[in-house]
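So the protein sequences, as listed, match chains A and B. Mapping the first sequence onto the numbering used here, position 417 (from 1) lands on 417, and the numbers just tick up by one. Mapping the second sequence onto the numbering used here, position 22 (from 1) lands on 22, and the numbers just tick up by one.
Derived by calculation from the structure, the hints in this document are not laboratory data. Just so you know, not all the hints are guaranteed correct.
It does not matter which identical chain is meant; a pair holds if it fits inside one copy or across any two.
Unchecked claim - Straight-line C-alpha distance at most 20 angstroms; calculated EDC-like pairs for lysine to aspartate or glutamate:
{"no.": "1", "residue 1": "K390", "residue 2": "E208"}
{"no.": "2", "residue 1": "K387", "residue 2": "E137"}
{"no.": "3", "residue 1": "K274", "residue 2": "E292"}
{"no.": "4", "residue 1": "K193", "residue 2": "D244"}
Protein chains: 2
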Amino acid sequence: MSRPQPLSGFPELLPRQRIVEQQVVDHLRRAFELHGFANLQTRAVEPMDQLLRKGETSKEVYVLSRLQSDGDEGDVGLGLHFDLTVPFARYVLENAGKLNFPFRRYQIQPVWRGERPQQGRFREFWQADIDIVDVGELPAHYEVELPLVINDALSGLPIPKVRMHVNNRKLSQGFYRGVGIGDTEEALRIIDKLDKIGHDATAKLLVERVDATPEQAEACLRLAAISAEDTSFVNEIRALGVIDPLLEEGLNELAAVVGAAAKEAPGFVVADMKIARGLDYYTGTVYEVFIEGQEHLGSVCSGGRYDTLASDGKHTYPGVGLSIGVSRLLVPLLNSGALTADREVPTCVLVALANEDERSAANGLAQRLRKRGIPTQVSPTAAKFGKQIKFADKRGIPFVLFTNDEGTQMKDIRSGDQATVDVDAWNPPAEDLNPRIIAE
Amino acid sequence: MSRPQPLSGFPELLPRQRIVEQQVVDHLRRAFELHGFANLQTRAVEPMDQLLRKGETSKEVYVLSRLQSDGDEGDVGLGLHFDLTVPFARYVLENAGKLNFPFRRYQIQPVWRGERPQQGRFREFWQADIDIVDVGELPAHYEVELPLVINDALSGLPIPKVRMHVNNRKLSQGFYRGVGIGDTEEALRIIDKLDKIGHDATAKLLVERVDATPEQAEACLRLAAISAEDTSFVNEIRALGVIDPLLEEGLNELAAVVGAAAKEAPGFVVADMKIARGLDYYTGTVYEVFIEGQEHLGSVCSGGRYDTLASDGKHTYPGVGLSIGVSRLLVPLLNSGALTADREVPTCVLVALANEDERSAANGLAQRLRKRGIPTQVSPTAAKFGKQIKFADKRGIPFVLFTNDEGTQMKDIRSGDQATVDVDAWNPPAEDLNPRIIAE
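With the hints as constraints, model all of the structure from the sequences given.
Listed below in structure tokens is the structure:
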């Protein structure tokens, strides 16, 4: 067959890039587990009726059919999931009797969106989600906790500085109601466009679509302009003179989130009254994480509190969750070369061969290193020593083990340093044991 | 919505089961990386023409379509991969210029088969594959190496005893040719059925389909009856008096595999002349791993050497690979309860709360434990202490941290032991840090 071409929207990584992605995902997993989140993996497919419940995104579903369905209807109406929330909600309902609530889970899986192929749009991409869900009631302290988990997860990653912008739907909707606007949900959806269409067009839409007076529209926009790294926003909003019990509730909840974050994760969270997430079903805190200075690229992590993740008629499951766009965050950095790894293999030591008859003995040496956790492989051929060094160098393998008259020698091929070693005692410097990420 | 029902053929795990699967997959990954295999992840979809090249399995492809394709043809003709070999072959061709050969990779991903739903058949399941591929030529020593890697990967897993049955296509086909059979490939496919249909029916098929004389058929069946844990099979086969250069090549290659394994992984590999893998395109060593005493359930890991994994006209890529059926191996053990975990969360310590005002201080304590790698979560409510203990107990969390007049106390809720601790110095026993697998 001729050389295949990449499929637009389905990014794949080279081994060296994949090492970076693996380490990033390991870091996220580690952070989530340190906070007590259990891992779940849901199947890739959901019934179409589940997938079509979530308005906008439904257009993008990939529908499955069997090539030879021989008349059975067992898998008619299945599609690939387009996020990890729909499958999680279904999983919670399906297994409610077997789960302990509050249930905290993380999930790191690909999702698929059958979008029109175009530059920068992924049709398969990885997300890393955390959610906490309860039965009946979900205390607001989880809305305080989640940003701290995400801060731990994103800290220490080789990515540009990011910041979480936080608002509270109760605050915004209470405020809009307080100034006399009827359709506060539509008002939220309009404010959501502020960054894109600007102040005047937003004011105009508020007047046209929710019957706001110019003064009411102006009040909404004054609220949207408020942002702060600490709880000072509370007084700033109170100074606008709007009174509403829902606004008050939202103010308190947002102050708790921002206050805790200012103390426990200084500089990570900013209260930002123009964050609305207009198309989603959030009912309390809403979150969006942007790369600082690149807010126009959209958020790399977002989420919020929803009073009904799922409901089976008898019970309601409220939750709060955040989703990190792993591919969205990493693929551009990997493709531009801003992120790479110092090796393209896990191998730390290459065992060189003087001749093919030594292979069994070399395997034995390699196995002794592996037993102590040192990734090792044996040279593919007993080529000239220089060629075997080159084999290691090309892949970034730092050490070559070989035997000469003086015994077993370990050579650091970067420095050229070489020493007689006891294979059962030698250890690489800790930073050389596994591949390292190199950030430009 | 009402309670959703599981989808037949799409197994999903509960959190406690998933912890087992995660640890098994981590163990496989670790073993592969210790042997220098680099990880790859390929996209879930392949062009249909790629998927349809591999005869039998093609019937089972899930075809994708976009719900709203608005006339563009960008993703017409995509299907979900049904194994990890087809995507790997395509990846090698697509990226050949950017890969270093010999290229050794592992891949742990789900695959999909749109089969008729029936008991015990999965339509989505996980595989863990390793392959070594080269350009032009692939030395036979990799056929010796791969079983040793798989032995390391499967050793130490909480699964029943398994054994790898090995044969060599050259040996069988050379032998058939040596006794005078023309269509040696068809003869292989017939011998592949021996376990299912028995000696007499196999002899009959050989006579009918490849024009074997009864004596020739009997010779083939005598060969198929030979098995050995060491290289004694070589003399046994030579004693059958068949002379053929291909047979001789196969004998030497198989002796190398079995000899090395007998030395480096005693008891794992058995030479077994009835292993044929009749439907696949192998050209040298073939492998099948069975659970001992449950050979009738089919293999849990299989593979072999192929002279052409892929070819782009200019270059040919020979390889050798093995695929572990992760779901096939684990799901029955998890569903029967033979395997479980002692926790359903990663959490090692629960920080209890005397009242809600303590939450911020409790977060601080939890964070100090996390900083030292101890998975910790804070109690969801300041309920009665007994209730908080119960919360931990239900999930299998072994330790509860709380504060009383004597200071900070760590309680092992299994033994009831309790002691004043320094939060910045306390460590759980190593075996309690992470969840443990419990095998019945």
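Here's how the hints hold up against the structure:
Taking the shortest Cα distances, K390 and E208 never come within 20 angstroms of each other, neither inside one copy (70 angstroms) nor across copies (56 angstroms). For a Cα distance limit of 20 angstroms, the shortest separation of K387 from E137 across copies, 18 angstroms, qualifies, whereas the shortest one inside one copy, 66 angstroms, does not. Taking the shortest alpha-carbon separations for K274 and E292, only the intra-copy value of 16 angstroms comes in at or below 20 angstroms, while the best inter-copy value is 64 angstroms. For the homomeric pair K193 and D244, neither the shortest alpha-carbon distance inside one copy (24 angstroms) nor that between copies (78 angstroms) is at most 20 angstroms.
The structure fails hints 1 and 4 (numbered hints given earlier, in ascending order).
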